[in-house]
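*Asks:* Sequence:
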Amino acid sequence: MSDLGNLFRQIRIKKNWSIRKAANKMGISYSYLSILEKGVDPRTGKASNPRPETLKIISETYNYPYEELMKTAGYLEKDSDKGKVFNLSVFVSNINLIKKDMSIEKLSEDIYVKTGYHIKASQIKSYINGDIEPFPGTFNILCKYAEVSLDFWYRYNTPETLEEERIKYRNNLHKESLEENNKDFILFNKLRKDVKDFIISEDTLPYIEVAMEAEKNNVSPDTLKILISTIISERDSRE
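Convert by adding 22 to the 1-based position in the sequence shown; the result is the number in the numbering used here.
If you are wondering where the hints come from, they were derived from the structure by calculation, not from laboratory data. Be a bit skeptical, because a hint or two may be false.
Below, a list of computed lysine-lysine pairs in the BS3-like style, where the Cα atoms sit at most 30 Å apart [unchecked claim]:
(1) Lys238 x Lys36
(2) Lys128 x Lys215
(3) Lys136 x Lys166
My request is simple: use the sequences and hints to build the entire structure.
*Replies:* Structure follows, in structure tokens:
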């Protein structure tokens, strides 16, 4: 399985979606998505390299950074990896630092509980033994789990520098959260006054719930408009 295919699969599993459900939301065939996850086209035996426009669709459906998918697919240079060389002793030192007295098996379990992504204990052991190097998706998961930047894994660290990393990581998350809330506030203020009044009204909650349920079931706004117009027409004709 390729790095990109493995990443696709891990994101989908975290969302608890079947391949059919994910493919349906993307508007592509489930067989094609299956090929992308495997990383190899069985018809040709060659790597399945999705085009940038396909990666864009996957990015939007999974709500996963498009640039990261483009980097993993090889379309963009991994700026964060420039000049960085994997050093086994550094990696092992940092793994031991974050796992403390946990076993490899417990670490694997804890990573899944806290991130929703699987890194099998056998994989971690292979990384530590130097049999294979962690791929970019693995580093992303480890960064999320340990609350550190990518640079953390390319240098020796101490409990003190680990804590400093975590403070920076949490501050960045807080900043991103504030920026996202600010975007939502700006978008809300762009709405017409009657729409804003409707949204903030307590009586609107049932309508909002119906709209959210429709979005969840992939019912488009245009379909809802047609449905509402049909109901109104039928009601008026009875009257």
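*Asks:* Hint by hint, say whether it matches the structure.
*Replies:* Right, here's what the structure says about each hint:
{"no.": "1", "hint": "Lys238 x Lys36", "verdict": "17 Å, holds"}
{"no.": "2", "hint": "Lys128 x Lys215", "verdict": "54 Å, violated"}
{"no.": "3", "hint": "Lys136 x Lys166", "verdict": "9 Å, holds"}
Consistency note: the structure conflicts with earlier hint 2 alone.
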